[in-house]
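**Q** Which chain is which? The protein sequence lines are A and B, in order.
Numbering-wise, the first sequence is residues 1 to 66 according to full-length UniProt numbering.
Numbering-wise, the second sequence is residues 1 to 189 according to full-length UniProt numbering.
Honestly, I wouldn't trust all of these hints.
Interface residues of chain B toward chain A, partial, derived using beta-carbon atoms under 8 Å [to be verified]:
#1 42
#2 78
#3 80
#4 84
#5 89
#6 146
#7 147
#8 151
#9 154
#10 161
#11 165
#12 171
#13 182
It is worth saying that the hints were derived from the structure and are not from the lab.
For every residue, glycine included, the Cβ atom is placed at its ideal position computed from N, Cα and C.
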Amino acid sequence: MLSDEVPESLHHDVAAYALGVLDPEDIQGFQLHLVSCERCRIELNEFGELPGLLNEVKSASQRVRP
Amino acid sequence: MWLVRRQLDTRFERLDPEDDPDRDDRLIRELYQEFGGPLLRQVRQTTGNDLQWAEDVVQETLLRAWRNAAKLTWERGLLWAWLLTVSRRIVIDGRRRRGVRPREVEPPEADSIAVPDAADRTLAAIVVADALRGLSPDHREVIEQTYLRDRTVSEAAEILGIPPGTVKSRLYYALRALRGVLKERGVAN
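Make the full structure from the sequences, and use the hints.
**A** The following block contains the structure:
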């Protein structure tokens, strides 16, 4: 399947994948999509530092709200 | 390093294991060198700073990467996302086995992203908390109910009472918005 035939919603999975919160049954399908989708590979790289940055807030909020 | 880079760069080319009997050893050592430290820091966030557990998770994750080496032929950022996904999955499964639920279900609150206390006021923490508060409530909510609470998309969907597809789409636009703000403020590249 060409990447432009893929429903827009599949491209949106990149965000959940970047954060590691995609459900296990969706992971393989998305990884297959990733191989052929330049757009998602670029966005995955762009989202790459967000987990680390969000951890800054997460660890702070865990200390405040045990 | 060299081997990882070669793996990443030559997407369809595979090294024949017969050619190099030390290849497996080198690959796993290079995975550790390249990703071991950063991965451990990430995983510790989700194991409640249980270092032993976090080290086990990192080991298992890199072992799975090694087992899938032939398929792991993407560039660094993609391999990193793969490792992150797999490690979080291992933590979530481990937590279920231990019968520990992440945290009790709480109604989403607009203001529940804590302001870091004075002792921990790293610049990044302040800027990120501020950026999150500047997002639309829908966007802030999906980031909080998934990543910040260690929940998968479908778990968050159940709590929020919206379809998983909606969670994923909101998360997508939320991350784009968040990244845009963080970039503007010089925290993200």
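**Q** Decide, hint by hint, whether the structure agrees.
**A** For each hint, the structure was consulted:
1. 42: 7 Å, holds
2. 78: 6 Å, holds
3. 80: With Cβ-Cβ at 6 Å, under 8 Å, it holds.
4. 84: For residue 84 of chain B, the interface hint holds, since the closest Cβ of chain A sits about 4 Å away, which is under 8 Å.
5. 89: Interface hint status for residue 89 of chain B: holds (6 Å vs cutoff 8 Å).
6. 146: Residue 146 of chain B check passes; min Cβ-Cβ to chain A is 4 Å, inside 8 Å.
7. 147: For residue 147 of chain B, the interface hint holds, since the closest Cβ of chain A sits about 4 Å away, which is under 8 Å.
8. 151: 7 Å, holds
9. 154: 5 Å, holds
10. 161: Because about 17 Å separates residue 161 of chain B from the closest Cβ in chain A, which is outside the 8 Å limit, the hint is violated.
11. 165: 6 Å, holds
12. 171: 4 Å, holds
13. 182: The hint holds - residue 182 of chain B has a Cβ within 8 Å of chain A, the shortest such distance being about 6 Å.
Against the hints set out earlier in the document, a violation occurs for number 10 only.
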